[in-house]
Amino acid sequence: MTFLFYMLSAIMIISALLVVFSTNPINSVIYLIICFIAMAGHYILLNAQFLAVVHIIVYTGAIMVLFLFVIMLLNLNKAIIPQKSQLTRISAVVTGGLFFLVVLAATRQTFEIHPRYPFTGDIGLVKEVGKALFHEFLLPFEMSSVLFISAMVGAVMFGKKDN
Amino acid sequence: MDWTILLYKTIFLFIILLVTLLVAMYSTYGERKVAAFMQDRRGPNRAGPFGLLQPLADGVKMFMKEEIIPLTANRTLFILGPSIAMTTALLTGVVIPWGGTLIIGGREFSMQIADLNIGILYVFAMVSIGVYGIMIGGWASNNKYALLGAIRAASQMISYELAMGMSIVALVITTGSLSLHDIVTQQHGMHWNIFYQPLGFLIFITCAFAETNRAPFDLPECETELIGGYHTEYSSMKLGFYLFAEYINMFISSAVITTLYFGGYNMPFIDQLGLSPNTVTLLGTAFFFVKILSMIFLFMWIRWTLPRFRYDQLMNLGWKGLIPLAIFNILATGVYYYFTELT
Amino acid sequence: MQMLTDRSKVVSDKKMTFMERIYIPAIVKGMFITLKHFFGKKTTISYPEQKREFSKVYRGQHVLKRDDIGRERCTACGLCAVACPAEAITMIAAERKPGEENLYREEKYAAVYEINMLRCIFCGDCEDACPKEAIFLTDRIVASQYKRKPFIYGKDMLVEPLDPSKRIDISARQTENVNKFKLEKRFAHNK
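Residue numbers (this note's numbering), protein chains in the order written: chain A, 1 to 163; chain B, 1 to 343; chain C, 1 to 191.
There could be a bad hint or two in this list.
Covered stretches of chain A (in silico footprint by chain B; criterion: 3 or more residues with CB under 8 Å from a CB of chain B, positions within the stretch not fixed) [claimed, not checked]:
1) 7-19
2) 26-39
3) 88-95
4) 139-146
Computed cross-link-like contacts, SDA-like style, restricted to lysine to any residue with a CA-CA straight-line distance of at most 25 Å [said to hold, decoys possible]:
5) Lys9/B / Ala62/A
6) Lys41/C / Gln186/B
7) Lys160/A / Ile158/B
8) Lys29/C / Phe195/B
9) Lys42/C / Met315/B
10) Lys51/C / Ala129/C
11) Lys147/C / Cys84/C
12) Lys65/C / Lys149/C
13) Lys56/C / Lys149/C
14) Lys36/C / Lys9/B
15) Lys131/A / Lys9/B
16) Lys161/A / Ile302/B
17) Lys320/B / Lys15/C
18) Lys131/A / Thr340/B
19) Lys36/C / Phe37/B
20) Lys161/A / Leu148/B
21) Lys160/A / Pro324/B
22) Lys155/C / Glu87/C
23) Lys160/A / Phe309/B
24) Lys41/C / Pro49/B
25) Lys29/C / Arg75/B
26) Lys41/C / Ile302/B
27) Lys9/C / Thr305/B
28) Lys155/C / Ile27/C
29) Lys36/C / Gln186/B
30) Lys108/C / Thr90/C
31) Lys65/B / Arg75/B
32) Lys36/C / Leu298/B
33) Lys144/B / Ala62/A
34) Lys56/C / Ser46/C
35) Lys127/A / Trp304/B
36) Lys36/C / Leu331/B
37) Lys29/C / Phe50/B
38) Lys41/C / Ile27/C
39) Lys155/C / Arg119/C
40) Lys29/C / Trp304/B
For the record, the hints were derived by calculation from the structure and aren't laboratory data.
C-beta: ideal position from N, C-alpha, C; glycine also.
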């Protein structure tokens, strides 16, 4: 199990880095898909089968397909992003890293992470997730569905022809 | 770790793999025969008795053909495409319960490789990854027809996955479980889900046709407009993989439909015969395959009957027809169970 | 407008009824039609085992006839080559030497007689043109080949065997009517 964990983590980190570093956007998307699948593997290691599968269906199967779709249609075959000079790049990395450090230092003490529930083996199974969603988090759950409906209505409005 | 179970699962996995490939292989033969019979022809009958060696001959032909990878294609992705299509097609078979339990030497062996408690969703996940095989292959070919085919395939599969998922939600309301094993055991006797979910079944099977890219929804690969669609540039065994993946998908989706709606390996009136448990299990598996093969025949029957949909008709049917119907089905099922089985 | 057939249908643009719009009855109807064909009689003829009957006047591979005592009838007049619309026939004539009377009926004969089967359209004009009843089209099929060369049939392929039992039967193409017609044509210029 430990071996699997490290392997999945390695795959995730490497593919996540490759998402950023590859110049071809299609390759980026594919690395992101690999990253997501490895993440689903992590869920399975935590015995959260439901989360793993829903993650694959929603993120890998739907959202990334749309990403791929758009990139294919835009025909970003060649890297068309203008190349920045070496100096700009280095300074950008340094500045970004420093900013990250500052934020981390500032917020480190502000909150502690308390797990709301003690971790048990079957916390990610359908039954437990369903109970949590429909008892404790019923309001946020329903609110998010309302949010989705409004988003859908908005999309339809955008999609309609002007008249 | 129980080594007997591990060994059994490994062997069983290989058997399932082989059976899947064999059925897919002979589906190609069956398809040609069915097509021929429906068009008053005889079909392949030269290779071996009744042409039974035709799939082998086709396979050999596919292997012997020249392999062409276009110069402008993205080589890695071009090879990756058919591999994904084939792998995801084969992976789905592990959650399907192929039979009951066998008792060998006093121990029980389940004829299902993995009884996930989210079995149906796993099938969905595999189907949704399967889209990539087509999309990546179509894009990597660097061909306009292939790209158009890939885009059609992807949009079609995403659209119909929604209605399919919703038809499954209604089914899950009736069964109360996502595990394929539970769903099958609940249908013992003649309590097949098709009698409880006829509308859901119709939606599901329509979507299954669309998901497997088969006629009347085979427009990602329609020859007349897209000269083969996403596999325009493919040749040799890579093309063979794509075509083969389609038949595996057909077999697997027939198995899923049978499991979900036709009682899986349950045989009616088997309990009254008073047979030994092992015989019942084996008979059940045989009956399961009979059901699957009839379902495959239905797939072919429809393919050689109906003309192809136009793209806008397809989208209309999916979004304006099936999804509202599926939502209505969920509501009706929910209301029914709310009033009849208050718990 | 005057209709040429009674099969024409008036196309209408009417709205479909609900039953028509859910397609399912139409699909089931179509599926029963295909099922009927599934069990119906097959129209295919499995060729090598089962041969379709030829028409009585089928025009297939040519034959150069011999007469009753085995002499070649052809006199290399070239009328067939002239009549041939596809220009498939070529020949080289030669003079009969003394002692060859049992081989050739006339004093002049065809030393080389070739028909290019790729050009031939099997119209039968050569047969019509022949004044010596030497060339006929038979009900044999010209075999397929992988190369072009073997399609040029020489005398070895065209002349019928000497053995009387292996003679090619052309009686179907030489009925009384045909003979009469040929005779009339031969003497037509005398009228």
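Is the hinted pair lysine 155/C and glutamate 87/C satisfied, with a Cα-Cα distance of at most 25 Å?
Distance ~17 Å between lysine 155/C and glutamate 87/C Cα, so the pair holds.
Below or equal to 25 Å on CA atoms is what counts here, so check lysine 144/B against alanine 62/A.
Cα-Cα ~23 Å, so holds.
Take the C-alpha atoms of lysine 160/A and isoleucine 158/B, compute the straight-line distance between them, and say whether it is at most 25 Å.
The given pair, whose Cα atoms are some 21 Å apart, holds under the 25 Å limit.
Mind checking the alpha carbons of lysine 161/A and leucine 148/B for me, to see if they're no more than 25 Å apart?
24 Å, holds
Do the alpha carbons of lysine 160/A and phenylalanine 309/B lie within 25 Å of each other, as the hint requires?
24 Å, holds
Residues of the segment 139-146 of chain A with Cβ under 8 Å from chain B, three needed, outcome
violated (count 0)
Measure nothing beyond the straight line between the CA atoms of lysine 131/A and lysine 9/B; if it is 25 Å or shorter, mark the hint as holding.
Distance ~33 Å between lysine 131/A and lysine 9/B Cα, so the pair is violated.
Is the Cα-Cα distance between lysine 29/C and arginine 75/B 25 Å or less?
Violated, at roughly 47 Å.
For a C-alpha distance cap of 25 Å, please report whether lysine 161/A and isoleucine 302/B respect it.
36 Å, violated
Lysine 36/C and leucine 331/B were given as a pair; does the straight-line alpha-carbon distance stay at or below 25 Å?
39 Å, violated
Would the pair lysine 42/C and methionine 315/B pass a check requiring their Cα atoms to be no farther apart than 25 Å?
Status violated; Cα separation ~38 Å.
Is the Cα-Cα distance between lysine 65/C and lysine 149/C 25 Å or less?
24 Å, holds
Of the numbered hints given earlier, the model fails hints 1, 3, 4, 5, 6, 9, 10, 13, 14, 15, 16, 25, 28, 29, 35, 36, 37; all others are met.
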